[in-house]
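Single-letter residue listing:
6 protein chains.
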Amino acid sequence: MIYVTRRSTFSASHRLFNPQFSEEQNAAVFDKCANPGGHGHNYVLEVTVAGEPGIDTGYVIDLKVLKQIIKKEILDKVDHKHLNHDVAFLKGIIPTAENIARAFWEILEPKIPRGKLHAIRLQETENNSVEYKGE
Amino acid sequence: MIYVTRRSTFSASHRLFNPQFSEEQNAAVFDKCANPGGHGHNYVLEVTVAGEPGIDTGYVIDLKVLKQIIKKEILDKVDHKHLNHDVAFLKGIIPTAENIARAFWEILEPKIPRGKLHAIRLQETENNSVEYKGE
Amino acid sequence: MIYVTRRSTFSASHRLFNPQFSEEQNAAVFDKCANPGGHGHNYVLEVTVAGEPGIDTGYVIDLKVLKQIIKKEILDKVDHKHLNHDVAFLKGIIPTAENIARAFWEILEPKIPRGKLHAIRLQETENNSVEYKGE
Amino acid sequence: MIYVTRRSTFSASHRLFNPQFSEEQNAAVFDKCANPGGHGHNYVLEVTVAGEPGIDTGYVIDLKVLKQIIKKEILDKVDHKHLNHDVAFLKGIIPTAENIARAFWEILEPKIPRGKLHAIRLQETENNSVEYKGE
Amino acid sequence: MIYVTRRSTFSASHRLFNPQFSEEQNAAVFDKCANPGGHGHNYVLEVTVAGEPGIDTGYVIDLKVLKQIIKKEILDKVDHKHLNHDVAFLKGIIPTAENIARAFWEILEPKIPRGKLHAIRLQETENNSVEYKGE
Amino acid sequence: MIYVTRRSTFSASHRLFNPQFSEEQNAAVFDKCANPGGHGHNYVLEVTVAGEPGIDTGYVIDLKVLKQIIKKEILDKVDHKHLNHDVAFLKGIIPTAENIARAFWEILEPKIPRGKLHAIRLQETENNSVEYKGE
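Protein chains in written order, with this note's numbering: chain A, 711 to 845; chain B, 711 to 845; chain C, 711 to 845; chain D, 711 to 845; chain E, 711 to 845; chain F, 711 to 845.
Careful, some of the hints might be misleading.
Identical copies go unnamed one by one, so any copy, or any two together, can satisfy a pair.
[Unchecked claim] With a straight-line Cα cutoff of 30 Å, these simulated DSBU-like cross-link-like pairs (lysine-lysine) come out:
1) Lys821 with Lys843
2) Lys843 with Lys826
3) Lys742 with Lys821
4) Lys742 with Lys774
5) Lys777 with Lys742
6) Lys781 with Lys843
Hints in this document: simulated from the structure, not taken from any laboratory.
Using the sequences and the accompanying hints, generate a full structural model.
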């Protein structure tokens with residue numbers, strides 16, 4: 711078993727707020743992340759696939775293939791977008807890094823053609839990141 | 711003469727478009743940066759001050775002081791904000807990295823208490839950055 | 711289960727030596743890390759908390775809260791300090807990265823208000839780091 | 711149990727191709743990685759050892775010792791080399807990151823004098839990396 | 711005047727040797743960089759263009775355009791190649807970082823459609839880099 | 711003219727205080743940097759040499775030679791040392807990054823065998839750095 715990781719980046723905006731909260735509650739819980747105009751990040755996404763290297767190729771998964779899957783399924787839908795408004799698969803979800811990572815897992819998990827999706831790591835800033843392993 | 715640099719970060723959203731352009735022109739010029747919902751970045755700001763180190767202190771400028779000036783004059787106004795809508799000093803300006811850097815220079819240049827502002831470097835993504843030296 | 715990580719930095723000095731060793735033994739074991747004047751590092755601390763995101767918030771733990779806990783319990787006590795002399799909770803401990811990480815775990819583990827402390831990662835230099843998971 | 715990691719770098723060239731494939735198959739599978747002239751990378755190698763810190767030393771393993779082992783067993787054999795031609799222990803192996811990481815594990819695992827080898831992480835580019843844990 | 715920088719990466723192999731030197735001279739001058747099998751790097755290329763931001767666009771140069779020029783003129787010719795054998799514009803040149811940077815300048819300088827090429831920075835490893843400004 | 715840069719790191723401790731100041735003045739000016747026990751950093755040193763690449767070598771200066779000079783003249787004297795007490799050439803100097811950079815310049819400038827020393831850049835933390843060019 712070897713773990714293979716592909717790193718990508720995308721730039722998006724979001725606003726953290728719960729529509730069932732009052733403005734005061736949103737400000738109390740999400741602080742400046744609830745500013746009405748929103749804000750944004752250069753997200754760093756790391757997708758890890760676990761598997762056996764092929765005897766013929768030495769690859770767990772061809773990273774060119776994984777790169778194309780991540781581009782088509784994720785990056786084309788979130789890069790240079792507003793995560794609250796422009797992304798169908800995030801509708802109705804508070805776009806915290808935790809929730810975005812889980813949404814990415816749900817999308818990518820059935821699309822991995824070789825090996826198994828092992829982890830989604832999403833870095834929101836150089837100091838804040840999350841990881842989801844489907845547990 | 712020594713050059714002293716303080717690095718800071720802020721997260722903001724913006725949209726690149728010229729209100730005097732048609733939607734088609736904006737899309738042609740600014741491509742996905744003109745998406746109506748906007749997008750965002752983790753900006754990295756480097757402020758460089760040039761001067762002689764003080765004989766008593768060994769400091770060109772106390773970086774704690776420079777940090778406070780950058781926080782008060784810049785970061786408190788742009789961090790977790792939408793640069794097109796929430797920032798008074800960017801009103802009417804297309805918020806490209808070039809224009810933001812120049813606006814930061816105009817604000818900071820008269821506020822530096824020791825030495826002289828030498829450069830504003832603004833990184834928008836890990837691949838794109840600009841520098842302005844007041845020339 | 712999602713893993714949420716907060717990264718912080720602090721600058722401190724230390725000296726590696728065992729008071730029960732002779733000077734020769736200390737030099738043999740700890741080499742230049744045993745230099746009597748000590749030396750220092752910019753430590754990078756990563757604290758990982760594991761848990762379920764809240765349905766109302768999308769947060770495993772509010773990273774602003776985690777940041778404040780790390781600041782109060784750790785950074786305020788070690789930043790710009792000498793780890794052998796100035797830090798009560800390191801008294802009598804050889805301040806290797808291993809021992810520091812374990813001491814941080816003991817302090818933080820009971821203070822995490824949501825989720826569970828999962829890992830302490832401490833980077834001493836760009837080439838040397840340790841991780842402790844309470845095992 | 712604490713996990714201690716030593717990071718090193720080396721610069722090497724390689725070419726990905728399977729001698730049992732035709733040129734067309736190699737180009738189809740390995741794309742530009744199969745270019746006949748080869749290409750190269752600045753590899754980043756992270757070796758993680760797990761164990762209990764010594765009571766007398768606070769070390770799981772002295773990182774100076776681990777550094778020397780990595781230098782002697784790995785870096786001296788691969789740095790500034792062509793991985794397909796110059797490295798005895800890679801003969802007959804397609805030098806993908808997966809296969810290189812596994813080969814490094816086989817060499818290092820019996821050489822670790824304290825604790826147990828826990829993981830080999832090998833970064834080929836800033837976007838592509840693999841990890842092997844002996845599973 | 712604002713300086714705009716686009717960062718790219720490419721992976722290539724090379725061998726440093728002077729065909730007019732003996733093997734001994736090459737080994738003495740270039741040491742392990744002269745190993746016959748060659749070696750390789752993940753090069754980081756930073757291209758800086760200086761100019762006035764356009765009033766209509768806020769751009770010194772559209773970085774999407776600059777990216778395409780760098781891709782077509784440079785990256786497509788050197789990425790995943792052997793710099794001694796596969797690159798027409800490096801024929802007969804010892805491919806040190808200095809010489810590569812100067813060759814890139816000669817190619818890019820006449821191709822910049824807005825502003826003026828200001829600097830080529832080429833990083834060969836995390837510790838070694840060169841910069842050329844056409845002086 | 712090409713600019714060649716060699717990056718190195720060293721770990722050292724220091725304390726900022728002026729012996730001609732009272733304790734109160736030192737605390738007012740240097741804040742936590744004046745803590746009596748001192749603190750430390752992983753310094754990053756970048757040394758830039760400017761010159762013409764040799765026709766026979768393609769080198770402005772052989773970076774292996776520059777590396778050895780930096781090691782012998784600087785790193786062996788400051789790495790794992792206390793900058794206030796252990797370093798002869800810093801005696802009587804407040805060891806701010808500004809003063810250290812200038813001291814390194816004085817030492818290195820006459821030792822560069824090819825080309826001319828162009829800049830000393832010293833990073834004290836990821837957010838604070840200085841540069842000296844002999845002006």
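Going through the hints against the structure:
1. Lys821 with Lys843: both (16 Å within a copy, 25 Å between copies)
2. Lys843 with Lys826: both (11 Å within a copy, 16 Å between copies)
3. Lys742 with Lys821: between (36 Å within a copy, 25 Å between copies)
4. Lys742 with Lys774: Intra 38 Å, inter 11 Å, cutoff 30 Å: inter-copy only.
5. Lys777 with Lys742: Between copies only: 15 Å across, 34 Å inside.
6. Lys781 with Lys843: Both: 20 Å inside a copy, 28 Å across copies.
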